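Visitor: Required output: the full structure, derived from the provided sequences and hints.
Residue numbers (my numbering), protein chains in the order written: chain A, 18 to 379; chain B, 4 to 362; chain C, 8 to 313.
These are calculated hints, taken from the structure and not from any lab test. Please note that the accuracy of each hint is not assured.
Claimed, not checked - Per the computed footprint, the stretches of chain C lying under chain B, defined by three or more beta-carbons under 8 Å from a beta-carbon of chain B, are: (1) 259-266; (2) 269-277.
To be verified - Listed next, the in silico EDC-like pairs over lysine to aspartate or glutamate satisfying Cα-Cα at most 16 Å (straight line): (3) 186(B) x 356(B); (4) 107(B) x 199(A); (5) 124(B) x 188(A); (6) 321(B) x 343(B); (7) 321(B) x 342(B); (8) 316(B) x 306(B); (9) 124(B) x 199(A); (10) 32(B) x 84(B); (11) 287(B) x 265(B); (12) 245(B) x 120(C); (13) 107(B) x 126(B); (14) 358(B) x 328(B); (15) 149(B) x 307(B); (16) 337(A) x 66(B); (17) 111(B) x 84(B).
Stated by the list, open to error - Partner residues aside, some chain B positions facing chain A, computed with beta carbon under 10 Å: (18) 67; (19) 100; (20) 165; (21) 348; (22) 349.
All values derive from a computational prediction rather than experimental measurement. Even glycine gets a Cβ: it sits at the ideal position worked out from N, Cα and C.
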Amino acid sequence: MLVLERRGESSTAIAIASPLIAIALTLATIAVLFALLGKNPLQALAVYFLQPLTDSYSLQEIAVKATPLVLIAVGLSFCYLANVWNIGAEGQFLIGALAGGWLAVATQGTDAGPWVLPAMLVLGAVGGALYALIPAICKVRFGASEILVSLMLVYVADLLLDYLVRGPWRDPHGYNFPTTAEFDPVATLPLLVQGSRLHYGALIAVLVVIAATVVLGRTIRGFEIRLVGAASKAARFSGFDANKLVVTTFAISGALAGLAGVIEIAGPVGHLQPAFSPGYGFTAIIVAFLGRLHPVGILFAALFLALTVIGGEGAQITLKVPLDLTKVFQGLLLFYVLACDSLVLYRIRLVTPQRRTADGVA
Amino acid sequence: MKRMMIGGLLAALALGASTLVAPAQDKLKVGFIYLGPIGDFGWTYQHEVGRQGIVKHFGDKIETSYLENVNEGPDSERAIEQLARTGHKLIFTTSFGYMDPTVKVAKKYPDVYFEHNTGYKRDKNLATYSARFYEGRYIQGQIAAKMSKSGVLGYVGSFPIPEVISGINSTILGAQSINPNIKVKIIWVNTWFDPGKEADAAKALVDQGADVLMQHTDSPAAMQVAEARGKYAFGQDSDMYKFGQKAQLTAIVNNWAPYYVERVQEVLDKKWTSTDTWGGLNTKYLLMASYTNMLDDVKKMAEDTQAAISSGKLHPFKCPVVAQDGSTVECKGGTHLADEQILGMNFYVKGIDEKIPGK
Amino acid sequence: MGLLESIVLAVLAASTPLLLAACGELVAERAGVLNLGVEGMMIVGAACGFAGAYVTGSIVIGALAGIAAGAALAAVFALLTLGLAVNQVATGLALTILGVGISGLIGAGFVGERIAGAPHLYIPGLTDVPFLGRILFGQDPFVYLSLAIVVGIWWFLYRTRAGLELRAIGDNPASAHALGYPVLRKRALAVLFGGACAGLGGAYLPLAYTPFWISGMTAGRGWIALALVVFASWQPGRLVAGAYLFGAVTILQLHAQGAGVGIPSQFMSSLPYLATILVLVVISRTRGRAGAAAPASLGTVFVPDR
Chain A
18 MLVLERRGES
28 STAIAIASPL
38 IAIALTLATI
48 AVLFALLGKN
58 PLQALAVYFL
68 QPLTDSYSLQ
78 EIAVKATPLV
88 LIAVGLSFCY
98 LANVWNIGAE
108 GQFLIGALAG
118 GWLAVATQGT
128 DAGPWVLPAM
138 LVLGAVGGAL
148 YALIPAICKV
158 RFGASEILVS
168 LMLVYVADLL
178 LDYLVRGPWR
188 DPHGYNFPTT
198 AEFDPVATLP
208 LLVQGSRLHY
218 GALIAVLVVI
228 AATVVLGRTI
238 RGFEIRLVGA
248 ASKAARFSGF
258 DANKLVVTTF
268 AISGALAGLA
278 GVIEIAGPVG
288 HLQPAFSPGY
298 GFTAIIVAFL
308 GRLHPVGILF
318 AALFLALTVI
328 GGEGAQITLK
338 VPLDLTKVFQ
348 GLLLFYVLAC
358 DSLVLYRIRL
368 VTPQRRTADG
378 VA
Chain B
4 MKRMMIGGLL
14 AALALGASTL
24 VAPAQDKLKV
34 GFIYLGPIGD
44 FGWTYQHEVG
54 RQGIVKHFGD
64 KIETSYLENV
74 NEGPDSERAI
84 EQLARTGHKL
94 IFTTSFGYMD
104 PTVKVAKKYP
114 DVYFEHNTGY
124 KRDKNLATYS
134 ARFYEGRYIQ
144 GQIAAKMSKS
154 GVLGYVGSFP
164 IPEVISGINS
174 TILGAQSINP
184 NIKVKIIWVN
194 TWFDPGKEAD
204 AAKALVDQGA
214 DVLMQHTDSP
224 AAMQVAEARG
234 KYAFGQDSDM
244 YKFGQKAQLT
254 AIVNNWAPYY
264 VERVQEVLDK
274 KWTSTDTWGG
284 LNTKYLLMAS
294 YTNMLDDVKK
304 MAEDTQAAIS
314 SGKLHPFKCP
324 VVAQDGSTVE
334 CKGGTHLADE
344 QILGMNFYVK
354 GIDEKIPGK
Chain C
8 MGLLESIVLA
18 VLAASTPLLL
28 AACGELVAER
38 AGVLNLGVEG
48 MMIVGAACGF
58 AGAYVTGSIV
68 IGALAGIAAG
78 AALAAVFALL
88 TLGLAVNQVA
98 TGLALTILGV
108 GISGLIGAGF
118 VGERIAGAPH
128 LYIPGLTDVP
138 FLGRILFGQD
148 PFVYLSLAIV
158 VGIWWFLYRT
168 RAGLELRAIG
178 DNPASAHALG
188 YPVLRKRALA
198 VLFGGACAGL
208 GGAYLPLAYT
218 PFWISGMTAG
228 RGWIALALVV
238 FASWQPGRLV
248 AGAYLFGAVT
258 ILQLHAQGAG
268 VGIPSQFMSS
278 LPYLATILVL
288 VVISRTRGRA
298 GAAAPASLGT
308 VFVPDR
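Guide: Next comes the structure, spelled out in structure tokens:
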């Protein structure tokens, strides 16, 4: 039978080949799926993967879509490396948007200076961090599961956004529809490329990736985080405080998610409205793992995921393929990538089944 | 046999290859942006029915595409722009939340025509359209008042936006014209559809004494609860008779196909202009499902009211309209409230005891 | 029917899908596997359950179809996380995406159709007893089944050798493996059971709760079920309490609105979530370092040494 066996050392060859194998497997599956549906598989592949890469508009849109994913996923990687399970990044994202958005709404129409945008960004990060501290403190002080608390808080944040945008923050000239007025220019992120939606948030995301790589790879704190996740007992013996790490990683993760939130509303969205997030906080979890919890890997994983989303839209338009099929394809693609990734750490071998020893239970 | 197979294989390959390099078509390409899945049997479903209507009507002259489950945030701007970039010349965005993204994309593509549903911002190439759902609500209110024995109506509300508020008000005004002491209980489920939650809300309303249910949510859950509990209910967006054969009195059915056909024809005739269309019962953008489960005199009353509203003789918001706080609402439309007042309605009329959430 | 009686009935029904899905996930997590794909398994269960019942006219076939669908999806999860040692968190999330997509494809042909919902129990004499009669003897079969499953799980985990093995595997798979327990096989069975229960819980919605199919009708209940397992500290008894508590707060906030309580509806809607956090914090405090209640190896990968 086939068994998994841990490799002595990770194989670099496989590390490079694995994403390629995954893509090849996905292409093969798509070919079969689409052929069964009577669509041209080659055309399908072209629409999904190649078309978005062929013109500058799509490339810019990939960057726009990937920006919040990168920010949130990098933050999550800090948590996950330390085996701290922050599932509530979506809530922290929303609260960050609310915190920054509050300032935008408060200074609306007043002739506020250019300090507004940087202040919004800071507020967003702080807001997200504070919101993330709730599950952190619940875990550290009360032993309550951070998975549960952070997840429940996502729903709370969503309802809070809904309440504020329908009530106190509603645009007075908006026919009472639930949206704030458009943000003033001082509260909006400037564009990197005129005529597109590519904004400075993308630059911030890249800077965060660089900073995170340095912190995780070259600082004591970064080392602590990685050690606690890999070998918590050893870490404790070395004197690292696990509780402090829980709080720190949650704060970092919340801050980055909150920053992503305020960047989204100060950039592509331009105002606050209910349900403006297509679930970035949850997609970012996938991105974090696809990127193997490494900031640079996350950058590529986010870009790749954004590519499939935009390719999926193209498929709906040109191939008339229902969205559900795109979801199936995305799910399968993720499975293949994850499966092939495991080949980096393990190899598959054929062994003959061994007889069990006497004191074992068959 | 083998030769046939090879021939067939070659032909298939050739066909496949040819679609990769297909020349640009001269057909008019029409695009749709949907908020939910087409399988929601509610709001999006009816838009999809409308799209299928123009496909049937125009056949080979047009090609249509749609994107479903498009989130109202930044994704929607990209989705709309994707349609514009891929040669679609007429694009319908079917939810209020797409308003600003549609405005932005319309500015970038002056040669493309955009139609935004239930919004209020227009441009040279951006029109708005909606249906006067409150007209149907008035009729429902009258029927409800006649059919209710407890004098308490139950309303499953989604979100307290003006469209829903004006629907509630219109219902009550209609009901009050039959029974001035009618009461209503409103539960906000804070979602457009979650069938389980809608069912829970419907059960709670019935438990608290309501015996006629109305809804502004999308699924047939409330109708089913009414059927199971022996109460009455009104369908929403679609005819829900199948789910409430003893319960459904009527339904407001969204019927977008006539509008879509009209607009596509205008683009084909090169006569399209930016308009603001708010079609009532007279335009057939909304239809009332057959009046069922009621006595003939109630049915006659409903049909008479429908005719009166269609012909303009009766307006649900005819002045004076008295607000919840007792004040008379300023009458900006002559003999009835003006369209902007209805579009932005954020007050309850007198006779509703509860407060609007968030105020 | 009195108001209290109808509230209790509504709570029982609302809590049942949560309880069913959470039961399965509890078993999987006790074996050390964290499957975040509950929402995906529930919704394929819903789609296949409705399809099965609609096509054959039998609720039982529908339920079986839902179970099979959930288990099939879980099998994919097991193949990846147990067979290929892939990270469980990421795989579970991918499973949710896949499940939602598949359910949409399967359900597309059934939109707008309805079936007769599952029948309710009726025992002449007993069911007619005021108040308790309908609550105890007037439920649909899923409610009774969910409670039976909870009892069954409790008995299995704490009163059978196989259950003891499972818990040992969840706490320390390496030691369990050294003792000769078939770690991967038992985990796989636990995962399949989890999928079957999630599928059944999902199927409950279109088979009994609101007898029609609509895209996305589980509306996030799978995530709530996940949270409930944690809330219950992985103990079956607490799971029942948690599910009914969540259901109760959900139903009560709707009743409060109907009764004219003037608190913003968004706040009312958030009460179930806040209540869950609050109760968890209180429970964890009184139990001390209750984080230790989690199966120690939850979420980690195990590859048997040879």
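Visitor: Given the proposed pairing of residue 316(B) with residue 306(B), does the C-alpha separation stay at or below 16 Å?
Guide: 14 Å, holds
Visitor: For the hint on residue 349(B), just tell me whether its beta-carbon gets within less than 10 Å of chain A.
Guide: 4 Å, holds
Visitor: Between residue 358(B) and residue 328(B), does the CA-CA distance stay at or below 16 Å?
Guide: Distance of about 10 Å is within 16 Å: holds.
Visitor: Within 16 Å, alpha carbon to alpha carbon, are residue 245(B) and residue 120(C)?
Guide: 8 Å, holds
Visitor: Is residue 111(B) within 16 Å of residue 84(B), Cα to Cα?
Guide: 9 Å, holds
Visitor: Hey, residue 124(B) versus residue 188(A), does the alpha-carbon distance stay inside 16 Å?
Guide: Holds. Residue 124(B) to residue 188(A) sits at ~14 Å (cutoff 16 Å).
Visitor: Between residue 287(B) and residue 265(B), is the straight-line Cα distance small enough, at 16 Å or below?
Guide: Measuring from Cα to Cα gives roughly 12 Å; hence the hint holds.
Visitor: Mind checking the alpha carbons of residue 186(B) and residue 356(B) for me, to see if they're no more than 16 Å apart?
Guide: At roughly 8 Å apart (the allowed maximum being 16 Å), residue 356(B) and residue 186(B) satisfy the hint.
Visitor: Under 8 Å between beta-carbons, do enough residues of the region 269-277 of chain C, three at least, approach chain B for the coverage claim to hold?
Guide: holds (count 5)
Visitor: Taking only the CA atoms, is the gap from residue 107(B) to residue 126(B) under or equal to 16 Å?
Guide: 10 Å, holds
Visitor: Keeping to a limit of 16 Å between CA atoms, is the pair of residue 337(A) and residue 66(B) held or broken?
Guide: 11 Å, holds
Visitor: When you check the alpha-carbon spacing of residue 321(B) and residue 343(B), does it fall within 16 Å?
Guide: 14 Å, holds
In this structure, every one of the numbered hints holds.
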